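Top to bottom, those sequences are chains A and B.
The opening residue of the first sequence carries number 1 in the working numbering; numbering runs sequentially from there.
The opening residue of the second sequence carries number 1001 in the working numbering; numbering runs sequentially from there.
For the record, the hints were derived by calculation from the structure and aren't laboratory data.
Treat the hints loosely; a few may be bogus.
Label-pair restraints from in silico Cβ distances [said to hold, decoys possible]:
id: 1; chain 1: A; residue 1: Arg205; chain 2: B; residue 2: Phe1323; range: 28 to 38 Å
id: 2; chain 1: B; residue 1: Asp1283; chain 2: A; residue 2: Phe483; range: 50 to 60 Å
id: 3; chain 1: B; residue 1: Glu1086; chain 2: A; residue 2: Ala180; range: 52 to 62 Å
id: 4; chain 1: A; residue 1: Leu39; chain 2: B; residue 2: Gly1370; range: 57 to 67 Å
id: 5; chain 1: B; residue 1: Gly1200; chain 2: A; residue 2: Leu39; range: 41 to 51 Å
id: 6; chain 1: A; residue 1: Arg398; chain 2: B; residue 2: Thr1148; range: 50 to 60 Å
id: 7; chain 1: A; residue 1: Asn409; chain 2: B; residue 2: Ser1044; range: 45 to 55 Å
id: 8; chain 1: A; residue 1: Ala28; chain 2: B; residue 2: Asp1027; range: 55 to 65 Å
id: 9; chain 1: B; residue 1: Thr1148; chain 2: A; residue 2: Ala28; range: 34 to 44 Å
id: 10; chain 1: A; residue 1: Val406; chain 2: B; residue 2: Asp1070; range: 51 to 61 Å
id: 11; chain 1: A; residue 1: Val25; chain 2: B; residue 2: Asp1070; range: 50 to 60 Å
id: 12; chain 1: B; residue 1: Glu1086; chain 2: A; residue 2: Ala32; range: 24 to 34 Å
id: 13; chain 1: A; residue 1: Ala180; chain 2: B; residue 2: Asn1344; range: 56 to 66 Å
Residues on chain B that point at chain A, a partial pick, calculated with CB under 10 Å [what the hints assert, rightly or not]:
id: 14; residue: Leu1150
id: 15; residue: Gly1152
id: 16; residue: Gly1153
id: 17; residue: Ile1302
id: 18; residue: Gly1305
Being a predicted model, the structure only gives us computed values, none of them experimental.
The beta-carbon is built from N, C-alpha and C at its ideal position, and this holds for glycine as well.
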Amino acid sequence: MAAPAVAQPVARSDAWRRLFTGRNVIVAAVIAAVTYIALVPLGFLLWQTFVSGGQFTLERFREAYSSIGLVEMAYNSIAFAVGSAAFAISLGTLLAYLIVRTDVPFKPLMFAASLVPLIIPGILHTIAWIFLASPQIGVLNLHVIQPLTGGRSLNVFSLPGMIVVEGLHLAPLVFLLMVASFRSMDPSLEESAIMSGAPLRTVFRRVTVPLARPALYAAILIVVVRGLESFEVPALLGLNGGVWVFTSRIWHVLKDKPPSYGEAGAYAMSLLVLTTIGIFWHSRLAKRARSFQTVTGKGFRARPVQLGIWRWPATGLILLYFVVAVVLPLLILVYASTQRFYSPPTRATLSDMSLDSYRDVIHADRALTAVENSVILGLGSATIVMLVMAVAAWIVVRTQMRGRWVIDNLSFLPLAIPGLVLGVGILFVYLRLPIHIYGSLWILLMAYLTRYMPYGMRYASTSMFQIGRELEESALTSGAGWFQTFRRVVLPLLVPGLVAGWIYILIVSVRELSSTIILYSPGNEVLSILIWEMNQNGEFPQLAALGVMMVGALIVLVTIAYKLGARIGVRET
Amino acid sequence: MLEVQNLLKTFSTSRAEKRKRVQAVDDVSLEVKDGELFTLLGPSGCGKTTTLRCIAGLEMPDAGEISVGDRVFFSSTRRVRVPANERGLGMVFQSYAIWPHMNVYKNVAFPLQVLPRRRRPAKQEVRERVERALAVVQLDHLASRQATDLSGGQQQRLALARALVMEPPLMLLDEPLSNLDAKLREDMRFELKRLQRELGITGVYVTHDQVEALAMSNRVAVMREGKLEQVGTPREVYERPSSRFVADFIGTSNFLDGSIEARDGRAYTVRTAEGLLRVPSDDEFAVGAEVVVAARPEHIEIRPGSNGVAPNLWTGRVEARAFLGEVVDHVVSVGSREIRTRSNSKVSIPPPTEVTVSFHEEAFSLIPAGG
């Protein structure tokens, strides 16, 4: 054990060399990337909207709100978001309570249904509902509602229609959040209330609900923001019924020739203000809620509540939900894919089915291009995001670096930016900066990296927290440098979390529409854009066939992600 | 071997108390000789683990100097900071920190595989050294087992093998036995001691368990609030605690406050509220000085009946009795004070019985008041 030579005092040149170690270079690059991705589009959005010829101006807003009033649009947006959130929250919470706390049957059915928003992209869900409930061709209207009501029909192209369709898509998200909350609640808290002599409904009102409140606030925030930034439903249903919201308006003014960037910026800023208010409001509520949050994670389960006579209506509700949210949309898509020209199902059309549309899609060049582009973008963004965020999560969770919370917050920032707003921001950046990626896949990649950075951070930091600090320290004391430690100890241990996040990003990126619709250019279509274009062109059978295949592929991906997610305890919808 | 001088490490506390800094290690100096097992002992939060982590290089001290052999690892005045991975010390963590994604063999081979290329041994030598290290801890038959499939005791030994394989000049052990159950801990204690003596390992051992510290170490340093309270052999620390804290932390003690009444060579007469005590001590105390007499329960004898009062011979009444298997504890009240005694299980006196309390001289240590 010959001791090596005495370490000499650090000379100046040595200090410089230490500054440029592999560790510092990688860390600096990651910090720079996160900062650039999070801040630059927002900065350009502000600049382009408020500054004209070097002067502060509100001119863009005046132009933007001259055609349709700010009040009307804000009202529509908020009514749509709050309405669909209220619908989703009541439905999702009720279902979650029934599943977790009562003896209702068909529980696995509900969990299968909760995967639907991941499996059926919003655009397919919305189109399926046009087939189901449009006043002219809607199956439900023709075969159920009109015979029952004597000629009247549901109108999906109206604010209530939009609210229900969006609400159905959001309900599973609420369901999953509330299931987690009800499950993690310590049953002894409720049992002690029962032992104190309170009847069941008092226990529910005075103990269960207050304990679930933090989760409820979180769920409300998420679905309201989702409602505000939703694009598919307002664009496909709202425009038909003349119901303008911010997102559909942004898309509309950018589609004009020439596109009015100023107006788009003004709408985007308005929407951003709304979502920011939502998040601010939530953080205040959450702060107050935390003081009485005593939910602990005990391993035992409370005895399920016996529903008695209410068991049958509850069962009915679950079955009805499953049929309406899962079976009907999927069935109508499958049906549509078997027709040559879409018309509502009758005996004649049902006896004349073919798989021609599948053949058409498979042999169409544009479909192949779209699949290729979607796969490239999905794999690329998922891989880059997870690798960069692994380092970012390490910085935030493991180091004592000053200002590391800034990195944490920056990486979550895009969560508050609606997809269309982000699209506008990124558009401004690359129209202005001498980086010529507009019109190529690269600009879409930038958008996807930004949108999915928060998810990457969530997955990476959750699994980083699960790795004991000592596992890293023992590698250091064993003589491994930073890079060796990261590559040989940290990364392998992070792998399950990183892979789960990677698959999740792959899934959501394939369905991404709201940023893509701003940024794509002809020749760069991805799957969701192709479906959008097919819908515009009225190619419904081909659209349905493509959709069915897409759903099939997503089922495989979601199943893998769910298995992995369950293993490391990370789930995100 | 290891030399630590004037080590200082502060932490800033939670954001609520901004700018307030806690002295985790406060001017600690110590020296560990070749082949010695040196223990840092103290309650949680006393700074023992922080001291160890400073030596390992996992924490950067604010000031001081750390060197092993003739290699300076840290010096605030000479601006030397050798990173943890270049110090070449072996460390065993409290949680063992076994890498779950590697098997037993790979865990142990890791320290050799990450050496800089020019110092990295050849594959064949790596294999030999890993096998030797595993053989020492009797895990050689489990080399291909996944590390997570090992029992607690085996993981413990694996962590030891991983630290040994580098043949480090100094081993750092951070409460390595605290995660084992009581029986296994006792076995491992002897095992670890045997290995340390046989391989001539120099080690710094951190524990909060006084029994472990007394049983294993060549020398013990008792820490309190970031400072070294007393350094000595286990016997010295146990029999001649230098402060009330040390006497209280190691073993159990009865503390009797009093003042020096007379001195006769090495023997002091101490007056307490309950009576006189005759206490031998090598330390210097002036007549009239306030002192605390610490008396170990196992050197206090009780027998039924009262034979009058003399120095070290008091009268009291049994208040409570507890049968602990190997020994019996009694709580005896003398005046307003309760004294705890420990005797072998044959002595068992029911409360309330008048007893004579007899202090043996080896029961005592004399500590300055406020110490």
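| query | Which of the listed hints are not met by the structure? | reply | Those not satisfied are hints 1, 3, 5, 6, 7, 8, 10, 11, 14, 15, 16, 17, 18.
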